[in-house]
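Work out the full structure, taking the sequences as your base and the hints as a guide.
Going down the list, the sequences are from chains H and L. The first sequence begins at 1 in the numbering used here and counts up by one. The second sequence begins at 1 in the numbering used here and counts up by one.
Don't take each hint at face value.
Since copy identity is lost for identical chains, a pair holds within one copy or between any two.
To be verified - Dumping the calculated EDC-like pairs for lysine to aspartate or glutamate here, alpha-carbon to alpha-carbon at most 20 Å:
| no. | residue 1 | residue 2 |
| --- | --- | --- |
| 1 | Lys121 | Asp109 |
| 2 | Lys34 | Glu193 |
| 3 | Lys148 | Glu80 |
| 4 | Lys260 | Glu18 |
| 5 | Lys29 | Glu186 |
| 6 | Lys121 | Asp15 |
| 7 | Lys250 | Glu299 |
| 8 | Lys121 | Asp108 |
| 9 | Lys190 | Asp345 |
| 10 | Lys319 | Asp108 |
| 11 | Lys148 | Asp219 |
Calculated directly from the structure, the hints in this document are not laboratory data.
Number of protein chains: 2
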Amino acid sequence: MDEKNSSHVLDALSDRRELVNHNLTAHIKSINPKSLHQASNHLFLAGGKRLRPIVCLIAAEAICNMESSSFPYEGVLDLEGSPVNMLDAASSLELIHIFTLIHDDIMDDDDLRRGVPSVHKKFSTNDAILAGDVLHSKAFETLGNSAKPSSNLSSALASLAHVCSGICEGQALDVQFGNMDLVPIEEYLKMIELKTGVLFAVSSSLPAQILGQPKEVVDSLYSFGLLAGKAFQIYDDLLDLTTPSSILGKQRGSDIAEQKQTILTIHASNAGVDLAPFLKNGESIPNELNMDELVQILEDSGTISYAYELSQDLCTQAKRQLEILPHSPSRELLSDIVDFFCQRDH
Amino acid sequence: MDEKNSSHVLDALSDRRELVNHNLTAHIKSINPKSLHQASNHLFLAGGKRLRPIVCLIAAEAICNMESSSFPYEGVLDLEGSPVNMLDAASSLELIHIFTLIHDDIMDDDDLRRGVPSVHKKFSTNDAILAGDVLHSKAFETLGNSAKPSSNLSSALASLAHVCSGICEGQALDVQFGNMDLVPIEEYLKMIELKTGVLFAVSSSLPAQILGQPKEVVDSLYSFGLLAGKAFQIYDDLLDLTTPSSILGKQRGSDIAEQKQTILTIHASNAGVDLAPFLKNGESIPNELNMDELVQILEDSGTISYAYELSQDLCTQAKRQLEILPHSPSRELLSDIVDFFCQRDH
Numbered sequence: 001m002d003e004k005n006s007s008h009v010l011d012a013l014s015d016r017r018e019l020v021n022h023n024l025t026a027h028i029k030s031i032n033p034k035s036l037h038q039a040s041n042h043l044f045l046a047g048g049k050r051l052r053p054i055v056c057l058i059a060a061e062a063i064c065n066m067e068s069s070s071f072p073y074e075g076v077l078d079l080e081g082s083p084v085n086m087l088d089a090a091s092s093l094e095l096i097h098i099f100t101l102i103h104d105d106i107m108d109d110d111d112l113r114r115g116v117p118s119v120h121k122k123f124s125t126n127d128a129i130l131a132g133d134v135l136h137s138k139a140f141e142t143l144g145n146s147a148k149p150s151s152n153l154s155s156a157l158a159s160l161a162h163v164c165s166g167i168c169e170g171q172a173l174d175v176q177f178g179n180m181d182l183v184p185i186e187e188y189l190k191m192i193e194l195k196t197g198v199l200f201a202v203s204s205s206l207p208a209q210i211l212g213q214p215k216e217v218v219d220s221l222y223s224f225g226l227l228a229g230k231a232f233q234i235y236d237d238l239l240d241l242t243t244p245s246s247i248l249g250k251q252r253g254s255d256i257a258e259q260k261q262t263i264l265t266i267h268a269s270n271a272g273v274d275l276a277p278f279l280k281n282g283e284s285i286p287n288e289l290n291m292d293e294l295v296q297i298l299e300d301s302g303t304i305s306y307a308y309e310l311s312q313d314l315c316t317q318a319k320r321q322l323e324i325l326p327h328s329p330s331r332e333l334l335s336d337i338v339d340f341f342c343q344r345d346h
Numbered sequence: 001m002d003e004k005n006s007s008h009v010l011d012a013l014s015d016r017r018e019l020v021n022h023n024l025t026a027h028i029k030s031i032n033p034k035s036l037h038q039a040s041n042h043l044f045l046a047g048g049k050r051l052r053p054i055v056c057l058i059a060a061e062a063i064c065n066m067e068s069s070s071f072p073y074e075g076v077l078d079l080e081g082s083p084v085n086m087l088d089a090a091s092s093l094e095l096i097h098i099f100t101l102i103h104d105d106i107m108d109d110d111d112l113r114r115g116v117p118s119v120h121k122k123f124s125t126n127d128a129i130l131a132g133d134v135l136h137s138k139a140f141e142t143l144g145n146s147a148k149p150s151s152n153l154s155s156a157l158a159s160l161a162h163v164c165s166g167i168c169e170g171q172a173l174d175v176q177f178g179n180m181d182l183v184p185i186e187e188y189l190k191m192i193e194l195k196t197g198v199l200f201a202v203s204s205s206l207p208a209q210i211l212g213q214p215k216e217v218v219d220s221l222y223s224f225g226l227l228a229g230k231a232f233q234i235y236d237d238l239l240d241l242t243t244p245s246s247i248l249g250k251q252r253g254s255d256i257a258e259q260k261q262t263i264l265t266i267h268a269s270n271a272g273v274d275l276a277p278f279l280k281n282g283e284s285i286p287n288e289l290n291m292d293e294l295v296q297i298l299e300d301s302g303t304i305s306y307a308y309e310l311s312q313d314l315c316t317q318a319k320r321q322l323e324i325l326p327h328s329p330s331r332e333l334l335s336d337i338v339d340f341f342c343q344r345d346h
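Shown next as structure tokens:
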């Protein structure tokens with residue numbers, strides 16, 4: 001993607017991020033007592049791309065074929081003429097995302113997230129468990145209040161619930177993979193589908209579902225998000241190795257060094273690459289030179305091109321799903337966002 | 001309540017418990033992978049009264065004015081003639097209850113629950129966090145699939161979500177009270193309303209909501225559960241001190257010994273009673289004689305009669321809410337259950 005196009009995507013994200021942040025602030029503010037509010041608010045305040053709610057908003061614009069400047073985010077009319085607060089619906093997705101980050105950080109005992117201490121480090125494990133729990137409930141509450149009670153809203157709530165069960169199952173698989181020598185690639189792809197894909201899928205399809213669009217529109221948008229989410233995750237696995245450490249904010253290649261299962265380690269192992277020299281060994285962490293060498297080895301083994309092509313292929317498949325919508329600037333934007341995230345340098 | 005009446009209540013609970021357990025087994029069985037299923041299933045297998053789903057089922061029978069023997073639990077017709085699987089709706093309440101028990105046990109670092117090791121002791125804290133999370137999502141999924149999408153179902157889902165946020169807030173207050181010298185009695189009552197009352201409230205009112213009953217019926221049944229739930233909790237506080245240790249399965253008076261805030265400790269402190277001689281001190285745990293002495297002191301201070309009368313008064317108020325329903329054996333049963341739980345010896 002050239003620079004002009006990427007600045008257009010960044011501007012579009014930034015405009016909508018402001019709307020989402022404003023809406024999320026109000027929902028998180030409603031959490032009491034103060035101690036629970038603070039723990040729940042901590043990661044939200046630390047920033048974040050808000051990609052899931054933004055994708056939801058842009059999908060709503062594309063469905064209605066309306067420009068962002070005139071789009072009634074807080075009162076989008078469904079097919080029966082009832083208003084839907086699409087910002088509330090979008091916020092519910094970020095509340096789920098933050099809940100999963102807080103609990104995942106406890107499970108992985110990660111100290112930092114978004115450049116600040118993780119919730120269980122800043123507060124306590126108990127505070128982090130409860131903060132995750134209340135954000136989890138609050139997501140359903142927020143979505144449940146985004147429109148008048150309706151059959152469409154009940155379908156949307158059931159979809160979100162199904163997806164949340166899937167995210168937990170994906171996390172359980174990820175934990176399980178940590179104890180396995182070799183994970184079959186299709187099982188890894190299933191895990192990222194659950195852990196990352198399904199929340200993007202529901203983010204893209206939620207507006208169609210709440211607005212009462214035909215099933216084929218809901219299904220295509222669900223597939224769009226699922227494929228795009230998997231593409232993002234695979235591209236992220238790749239960036240962990242190829243992005244300069246200074247930009248990544250941590251040693252590049254740390255996924256491999258810490259023996260995390262990623263698309264790269266699985267492909268490389270299948271191709272007979274010995275990753276042992278690049279693993280963290282006590283306090284000795286692989287350096288930049290080691291990583292340059294590893295990149296070369298993984299280029300030779302076809303691992304890097306495999307991961308790159310898989311991500312690009314998923315992107316192409318994702319974008320094809322958008323053809324069910326009328327041509328519009330917002331439909332183009334959804335397509336550009338997928339390209340942007342799967343062609344970025346870091 | 002005389003013996004005849006209490007055996008009638010026990011039989012009624014037992015019949016419906018079997019239906020609920022059968023339904024819950026299927027929902028929990030759907031959780032994957034195996035490790036997550038096992039951790040999620042552990043407390044369910046350990047037993048439990050299933051009081052919340054049972055109250056839900058009996059409320060449904062009372063609304064429809066049908067005998068249990070002919071009641072179509074898996075296909076109750078709503079006011080528009082659409083079938084509702086009331087067992088699924090009921091199960092969602094127990095899934096929420098089990099999720100809160102699992103996470104509360106981590107927070108309180110309790111070793112035992114229902115006579116077996118708590119989930120985080122039997123498995124690990126990470127397993128217990130994730131098991132609670134998946135049961136939390138599964139509850140919304142189960143309720144969301146209990147009927148065809150409808151405005152009534154979307155209201156029921158939103159109510160459950162609101163209640164779950166409240167339960168988290170109640171738990172946060174309970175944790176906060178652990179660090180306070182003196183908790184005002186109205187704040188304690190608010191805490192138990194959130195931590196215990198609201199889930200009973202939604203358990204009683206959910207059938208009316210899904211079946212599309214008028215708002216005043218939903219509201220009265222909500223109040224019934226809220227008042228009954230508070231009555232149960234206060235009566236439980238009392239039983240902790242007055243039930244023989246052999247029946248309680250732990251030293252009676254342990255709430256007081258461990259300085260938990262309960263209605264008894266708060267009233268006693270307000271009445272100027274010095275509880276210091278009865279607190280756990282290192283390994284030295286108060287014995288039966290100490291507890292007999294404490295009961296005498298709390299009888300003299302009016303604490304025991306205060307808690308007893310408060311629970312009975314809440315019961316009476318709860319039962320009055322049932323008058324909105326037609327006379328029926330199931331309505332009587334709801335009333336008898338409240339009496340049973342607030343007059344039992346242990």
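Hints and how they fare:
{"no.": "1", "hint": "Lys121 / Asp109", "in the structure": "both (9 Å within a copy, 18 Å between copies)"}
{"no.": "2", "hint": "Lys34 / Glu193", "in the structure": "between (36 Å within a copy, 18 Å between copies)"}
{"no.": "3", "hint": "Lys148 / Glu80", "in the structure": "both (12 Å within a copy, 19 Å between copies)"}
{"no.": "4", "hint": "Lys260 / Glu18", "in the structure": "neither (34 Å within a copy, 44 Å between copies)"}
{"no.": "5", "hint": "Lys29 / Glu186", "in the structure": "neither (42 Å within a copy, 23 Å between copies)"}
{"no.": "6", "hint": "Lys121 / Asp15", "in the structure": "neither (32 Å within a copy, 47 Å between copies)"}
{"no.": "7", "hint": "Lys250 / Glu299", "in the structure": "neither (22 Å within a copy, 64 Å between copies)"}
{"no.": "8", "hint": "Lys121 / Asp108", "in the structure": "both (12 Å within a copy, 18 Å between copies)"}
{"no.": "9", "hint": "Lys190 / Asp345", "in the structure": "neither (26 Å within a copy, 53 Å between copies)"}
{"no.": "10", "hint": "Lys319 / Asp108", "in the structure": "neither (33 Å within a copy, 49 Å between copies)"}
{"no.": "11", "hint": "Lys148 / Asp219", "in the structure": "between (23 Å within a copy, 18 Å between copies)"}
Checked against the numbered hints given earlier, the structure breaks hints 4, 5, 6, 7, 9 and 10 and satisfies all the rest.
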